[in-house]
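Peer 1: Using the hints, position chain E with the ligands against chain C.
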Amino acid sequence: MSSFKAYFKKEITEGIRNYKFLILAIGIILFAILDPIMLKLLPEILKGQTQGVDISQFMNINHRFSITKYMNDIYNIANIVIALTLMGVITDEIKDKNIVIPLTKGLNLEGLVIAKTLVYSLIITSFTFVGFIINYYYSQILFPENLVSISSVMKSCLLYSIYLLFVISLIYLLSSIFKRGIVAALLSILIIFTMPLIINIKILSNYLPFYLIKQANNFNVIFDSTLTISILWTLTYIVIITVITIDRLKRIEIN
Amino acid sequence: MIDVKNLKKSYKDQEVLKDINFKISKGEIYGFLGQNGAGKSTTMNILTGLIKYNSGDITIAGFDMKKEYKKIINIIGYLPENPKFYPYMTGREYLKFICEIKGLDKLETSKKIDKLLELVKLNKASKRKIGGYSRGMRQRLGIAVSLINDPKILFLDEPSSALDPEGRKDVVKIIESLKSLKITIFLSTHILSDVERICDRIGILNEGNIVLEDSLERLKNKYILPVYDIEFSNNCEDLNNNFNKYDWIEKIKTNNKKMSIYVKNRFKADRKLLNIISNIENTVLSYKIRKSKLEEIFLQVVNNNE
Ligand SMILES: Nc1ncnc2c1ncn2[C@@H]1O[C@H](COP(=O)(O)OP(=O)(O)OP(=O)(O)O)[C@@H](O)[C@H]1O
Ligand SMILES: [Mg+2]
Numbered sequence: 001m002s003s004f005k006a007y008f009k010k011e012i013t014e015g016i017r018n019y020k021f022l023i024l025a026i027g028i029i030l031f032a033i034l035d036p037i038m039l040k041l042l043p044e045i046l047k048g049q050t051q052g053v054d055i056s057q058f059m060n061i062n063h064r065f066s067i068t069k070y071m072n073d074i075y076n077i078a079n080i081v082i083a084l085t086l087m088g089v090i091t092d093e094i095k096d097k098n099i100v101i102p103l104t105k106g107l108n109l110e111g112l113v114i115a116k117t118l119v120y121s122l123i124i125t126s127f128t129f130v131g132f133i134i135n136y137y138y139s140q141i142l143f144p145e146n147l148v149s150i151s152s153v154m155k156s157c158l159l160y161s162i163y164l165l166f167v168i169s170l171i172y173l174l175s176s177i178f179k180r181g182i183v184a185a186l187l188s189i190l191i192i193f194t195m196p197l198i199i200n201i202k203i204l205s206n207y208l209p210f211y212l213i214k215q216a217n218n219f220n221v222i223f224d225s226t227l228t229i230s231i232l233w234t235l236t237y238i239v240i241i242t243v244i245t246i247d248r249l250k251r252i253e254i255n
Numbered sequence: 001m002i003d004v005k006n007l008k009k010s011y012k013d014q015e016v017l018k019d020i021n022f023k024i025s026k027g028e029i030y031g032f033l034g035q036n037g038a039g040k041s042t043t044m045n046i047l048t049g050l051i052k053y054n055s056g057d058i059t060i061a062g063f064d065m066k067k068e069y070k071k072i073i074n075i076i077g078y079l080p081e082n083p084k085f086y087p088y089m090t091g092r093e094y095l096k097f098i099c100e101i102k103g104l105d106k107l108e109t110s111k112k113i114d115k116l117l118e119l120v121k122l123n124k125a126s127k128r129k130i131g132g133y134s135r136g137m138r139q140r141l142g143i144a145v146s147l148i149n150d151p152k153i154l155f156l157d158e159p160s161s162a163l164d165p166e167g168r169k170d171v172v173k174i175i176e177s178l179k180s181l182k183i184t185i186f187l188s189t190h191i192l193s194d195v196e197r198i199c200d201r202i203g204i205l206n207e208g209n210i211v212l213e214d215s216l217e218r219l220k221n222k223y224i225l226p227v228y229d230i231e232f233s234n235n236c237e238d239l240n241n242n243f244n245k246y247d248w249i250e251k252i253k254t255n256n257k258k259m260s261i262y263v264k265n266r267f268k269a270d271r272k273l274l275n276i277i278s279n280i281e282n283t284v285l286s287y288k289i290r291k292s293k294l295e296e297i298f299l300q301v302v303n304n305n306e
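Heads up: the protein sequence lines correspond to chains C and E, in order. The first sequence begins at 1 in the numbering used here and counts up one residue at a time. The second sequence begins at 1 in the numbering used here and counts up one residue at a time.
Next up, chain C with everything else stripped away, as it sits in the complex (with noise of 0.2 angstroms):
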């Protein structure tokens, strides 16, 4: 208890103080902002520039639409900055040998790993949050058809931090195998975007933590009991990532 109160107070120390939640919220909250103003901005671009092509998609955006753009925006570019700033998270302890005092002092493993899967779970879950409210608000000035309830966004959004949950423990548990962060990265990109891929499969796709992806856009999320099957099971592969992430960590020789 004591390992992971220590260390909770220090991701958060080291979170500020080397930017990294600045670049979390860089990553997600930026194209809540953008997002609508390209949008709006872009028709009129297009206008002065092509002569004779058919924009008239880009004439009815509305609020839905706008929206959409967003989370896509989560799904493409957050996913990346978010695997860029955590995956030097645990290879630095054990690369950096940053762990080697601490394990001497009788650090406890778990209370390490939870820590820092709490601390960056609390930011990036309110971070998605916070995204997600400026970008209801600002869609919904810019364009004000088709409106959509917010109760509906936030239940997207609740899908999406969940999801993004199981991104962090994968990130993790991938650095706790391979001795360089950005391979861990590159990996947990390549496997985050393969999954909409393999969703396909029908046997396969309710248990794929991006079926969450899948209901949080179409905008009308029931939970029903397919999708809170999926949510467990999305939150078991967190536990059992989790806890293989700790159990590699403890079989690395560090000195």
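One should not assume that every hint holds.
Subject to a maximum C-alpha distance of 20 angstroms in a straight line, what follows is the list of computed EDC-like cross-link-like pairs (lysine to aspartate or glutamate) [stated by the list, open to error]:
{"no.": "1", "chain 1": "C", "residue 1": "K5", "chain 2": "E", "residue 2": "E108"}
{"no.": "2", "chain 1": "E", "residue 1": "K26", "chain 2": "E", "residue 2": "E81"}
{"no.": "3", "chain 1": "E", "residue 1": "K67", "chain 2": "C", "residue 2": "E253"}
{"no.": "4", "chain 1": "E", "residue 1": "K257", "chain 2": "E", "residue 2": "D238"}
{"no.": "5", "chain 1": "E", "residue 1": "K52", "chain 2": "C", "residue 2": "E253"}
{"no.": "6", "chain 1": "E", "residue 1": "K8", "chain 2": "C", "residue 2": "E253"}
{"no.": "7", "chain 1": "E", "residue 1": "K127", "chain 2": "C", "residue 2": "E14"}
{"no.": "8", "chain 1": "E", "residue 1": "K182", "chain 2": "E", "residue 2": "E196"}
{"no.": "9", "chain 1": "C", "residue 1": "K5", "chain 2": "E", "residue 2": "E93"}
{"no.": "10", "chain 1": "E", "residue 1": "K112", "chain 2": "E", "residue 2": "E81"}
{"no.": "11", "chain 1": "C", "residue 1": "K9", "chain 2": "E", "residue 2": "D105"}
{"no.": "12", "chain 1": "E", "residue 1": "K129", "chain 2": "C", "residue 2": "E14"}
{"no.": "13", "chain 1": "C", "residue 1": "K97", "chain 2": "E", "residue 2": "E81"}
{"no.": "14", "chain 1": "E", "residue 1": "K102", "chain 2": "C", "residue 2": "E110"}
{"no.": "15", "chain 1": "C", "residue 1": "K97", "chain 2": "E", "residue 2": "E93"}
{"no.": "16", "chain 1": "E", "residue 1": "K66", "chain 2": "C", "residue 2": "D96"}
{"no.": "17", "chain 1": "C", "residue 1": "K9", "chain 2": "E", "residue 2": "E93"}
{"no.": "18", "chain 1": "E", "residue 1": "K70", "chain 2": "C", "residue 2": "E253"}
{"no.": "19", "chain 1": "E", "residue 1": "K106", "chain 2": "E", "residue 2": "E93"}
{"no.": "20", "chain 1": "E", "residue 1": "K84", "chain 2": "C", "residue 2": "D96"}
{"no.": "21", "chain 1": "E", "residue 1": "K129", "chain 2": "C", "residue 2": "D92"}
{"no.": "22", "chain 1": "E", "residue 1": "K84", "chain 2": "C", "residue 2": "E14"}
{"no.": "23", "chain 1": "E", "residue 1": "K70", "chain 2": "C", "residue 2": "E110"}
{"no.": "24", "chain 1": "E", "residue 1": "K12", "chain 2": "C", "residue 2": "E253"}
{"no.": "25", "chain 1": "C", "residue 1": "K95", "chain 2": "E", "residue 2": "E81"}
{"no.": "26", "chain 1": "E", "residue 1": "K96", "chain 2": "C", "residue 2": "D247"}
{"no.": "27", "chain 1": "E", "residue 1": "K52", "chain 2": "C", "residue 2": "D247"}
{"no.": "28", "chain 1": "E", "residue 1": "K84", "chain 2": "C", "residue 2": "D92"}
{"no.": "29", "chain 1": "E", "residue 1": "K129", "chain 2": "C", "residue 2": "D96"}
{"no.": "30", "chain 1": "C", "residue 1": "K250", "chain 2": "E", "residue 2": "E68"}
{"no.": "31", "chain 1": "C", "residue 1": "K5", "chain 2": "E", "residue 2": "D105"}
{"no.": "32", "chain 1": "E", "residue 1": "K66", "chain 2": "C", "residue 2": "E253"}
{"no.": "33", "chain 1": "E", "residue 1": "K70", "chain 2": "C", "residue 2": "D247"}
These are calculated hints, taken from the structure and not from any lab test. Source: prediction; values computed, not measured.
Peer 2: Using the frame of chain C, we list chain E with the ligands on its own:
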């Protein structure tokens, strides 16, 4: 306090520790010598539980390494070869962080941190980021960290090796001050002059075995032929014959008014040499026993083994 029996450790095919045996008693300062790559850090990491070993029995303060590691970790302190800290923390913050891991009481913590910062002379720098510390400062912070749980046994891996003479002096002073606290210290190094200053006993590690182990004084008597340096008032180059007949004298070197006598048996030399010299018709200006250097023992032992 430390009892190691038949310790073996290999990395893949490389047998680093072949059969290590030693005992260290309470309050002793043990110097662990060996060339680069001899396995000093490996031994230290094993004794502090950081890495596993292939076989052998290790008992520290009566606790078995395999079964009672948790108890051992509470009574030892370790300064690794290259202590690494979180560079964005200040020295004080880092000490506090380690106290938190140990679960120490908050009030107790801040008093203890003040005391340790004082001991390693980092009070002024304690609010600066460790990233900006010099090598010597980091080494001293490492010593403070290793002392945080009031250890009975301290493991110091080359505490002074990477430092400039000034930094080395500081570190050696700190270690000397620990001696009075009755802490048992296991110290590895390849800087022999530091060992001569602080260690009670030394062990030399070579090719996976401890090839020599004894108190510093006895080692010097055993391994180094004492040399007597004598200065005469007149040229002494023709005096050799006065000494050649004694079998306890190994050889004689002369250079104008100076003479160096290498002896095989110090006991006899101490009793007889002055007598012989007093019978020579050449006034003696000075008479000195050259202090033997640990370095010479070290090279002699390591070379003999090769
Ligand atoms: N993790 C490891 N994997 C493989 N070989 C290793 C590992 N650590 C050390 N060795 C090897 O074990 C031997 C002993 O290394 P060790 O670091 O213990 O030596 P040392 O006496 O501390 O040397 P130095 O004076 O350079 O600090 C070396 O030959 C080294 O190459
Ligand atoms: Mg070493």
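Peer 1: Would the hint linking K97 of chain C and E93 of chain E be met if the CA-CA limit is 20 angstroms?
Peer 2: holds, 18 angstroms
Peer 1: Hint check: K5 of chain C vs D105 of chain E, CA-CA at most 20 angstroms. Holds or violated?
Peer 2: holds, 13 angstroms
Peer 1: Is the Cα-Cα distance between K84 of chain E and E14 of chain C 20 angstroms or less?
Peer 2: holds, 15 angstroms
Peer 1: Is it true that the CA of K97 of chain C sits at most 20 angstroms from the CA of E81 of chain E?
Peer 2: holds, 11 angstroms
Peer 1: Quickly compare the C-alpha distance for K257 of chain E and D238 of chain E to 20 angstroms and report which way the hint goes.
Peer 2: holds, 10 angstroms
Peer 1: Given the hinted pair K96 of chain E and D247 of chain C, is their alpha-carbon gap at most 20 angstroms?
Peer 2: violated, 28 angstroms
Peer 1: With a cut-off of 20 angstroms on the C-alpha distance, tell me whether K9 of chain C and E93 of chain E pass.
Peer 2: holds, 11 angstroms
Peer 1: Are K127 of chain E and E14 of chain C close enough, with their CA atoms no more than 20 angstroms apart?
Peer 2: holds, 16 angstroms
Peer 1: Has the given pair, K9 of chain C with D105 of chain E, been kept, meaning a C-alpha gap of at most 20 angstroms?
Peer 2: Since the Cα atoms of K9 of chain C and D105 of chain E sit roughly 16 angstroms apart, the hinted pair holds (cutoff 20 angstroms).
Peer 1: Taking only the CA atoms, is the gap from K5 of chain C to E93 of chain E under or equal to 20 angstroms?
Peer 2: holds, 14 angstroms
Peer 1: For K26 of chain E and E81 of chain E, compute the direct alpha-carbon distance and say whether it is at most 20 angstroms.
Peer 2: violated, 23 angstroms
Peer 1: Can the restraint linking K102 of chain E and E110 of chain C be considered satisfied, given a maximum Cα separation of 20 angstroms?
Peer 2: holds, 15 angstroms
The structure is inconsistent with the numbered hints 2, 10, 16 and 26, although it conforms to all the rest.
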